[in-house]
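Going down the list, the protein sequences come from chains A and B.
According to UniProt numbering, the first sequence is numbered sequentially starting from 1.
According to UniProt numbering, the second sequence is numbered sequentially starting from 1.
Worth double-checking, as some hints may not be accurate.
Copies of the same chain are indistinguishable here, so a pair counts whether it falls within one copy or spans any two.
Said to hold, decoys possible - Within a straight-line C-alpha distance of at most 16 Å, the following computed EDC-like cross-link-like pairs (lysine to aspartate or glutamate) qualify: (1) 48 to 103; (2) 48 to 64; (3) 16 to 75; (4) 16 to 43; (5) 48 to 68; (6) 16 to 143; (7) 16 to 136; (8) 48 to 75.
These are computed hints drawn from the structure, not numbers from a lab.
The model shown is predicted, which means the values in this text are computed figures rather than measured ones.
Number of protein chains: 2
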Amino acid sequence: MAQTDGFMVAALDEAKKAGERGEVPIGAVVVADGRIVARAGNETRAQKDVTAHAEILAIRRAAEAIGDERLAGADLYVTLEPCTMCAAAISFARIRRLYYGAEDPKGGGVDNGVRFYAQPTCHHAPEVYSGIGETESAGILRDFFNERR
Amino acid sequence: MAQTDGFMVAALDEAKKAGERGEVPIGAVVVADGRIVARAGNETRAQKDVTAHAEILAIRRAAEAIGDERLAGADLYVTLEPCTMCAAAISFARIRRLYYGAEDPKGGGVDNGVRFYAQPTCHHAPEVYSGIGETESAGILRDFFNERR
Chain A
1 MAQTDGFMVA ALDEAKKAGE RGEVPIGAVV VADGRIVARA GNETRAQKDV TAHAEILAIR
61 RAAEAIGDER LAGADLYVTL EPCTMCAAAI SFARIRRLYY GAEDPKGGGV DNGVRFYAQP
121 TCHHAPEVYS GIGETESAGI LRDFFNERR
Chain B
1 MAQTDGFMVA ALDEAKKAGE RGEVPIGAVV VADGRIVARA GNETRAQKDV TAHAEILAIR
61 RAAEAIGDER LAGADLYVTL EPCTMCAAAI SFARIRRLYY GAEDPKGGGV DNGVRFYAQP
121 TCHHAPEVYS GIGETESAGI LRDFFNERR
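One chain only, chain A, in its complex shape (with noise of 0.2 Å):
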């Protein structure tokens, strides 16, 4: 197995984990030096915070973590087409990489959408490679709706 796909294995578990506390589920790591400096699931409901994405805690912890608010050289995986906020906060912290699962037609900012990375006002844009763990992740995400419904 790539190391690439251990560490989406590692975002997959974090959204496995975010379903099972009733969160939508999706989950996010980020990784320096070849290892996860920071894991986090989505917390909107815990944490009674519209902006508590997995990806917005991720980059949170991993500054904690490093001691720096900017992530240059980090790279974050995370399960879904990261949306609209979460693209400009991933830019603002000058991730190096951005490894997502399943595209998100409807609330993506990456490839969907805004297309945040490719316009004017975007000053960092982290290379970006999608697909990574998408059938796995577009799998948990429909099981939790599809039982909620």
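Since the structure of chain A is already known, use the hints to place chain B on it.
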């Protein structure tokens, strides 16, 4: 003085206090039922957190004060046009009206850049009013950056 102007004065006061702390001087308040329920200045330096913009902090504090992360019926006043990240967070929080001071052609995401509220991936758009306290807001920012050059 109109009530609207009074709330922007409170946001400008938060901007000035942020500047005094060495933060980029941007301030915000959230108003519900005619009173200020949350105030915040930019705290990206103090919190070593690239997401600690005045709007994000004000939304989080307002959710805590109100006991509901959805701020439907609440209005947000901020001294500068929100960036892409904050524009999306404001949408997620279901803010009713957004009042901002100066436009931000380089980093704004409301009337500049991605114009998030006009996009199909935006599922709630606040009413937007701009230019209130514009001159003072821009002046505070200009003075701050001039002193640092």
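#### Entry: Numbers of the earlier hints that this structure fails to satisfy, in rising order
1, 3, 8
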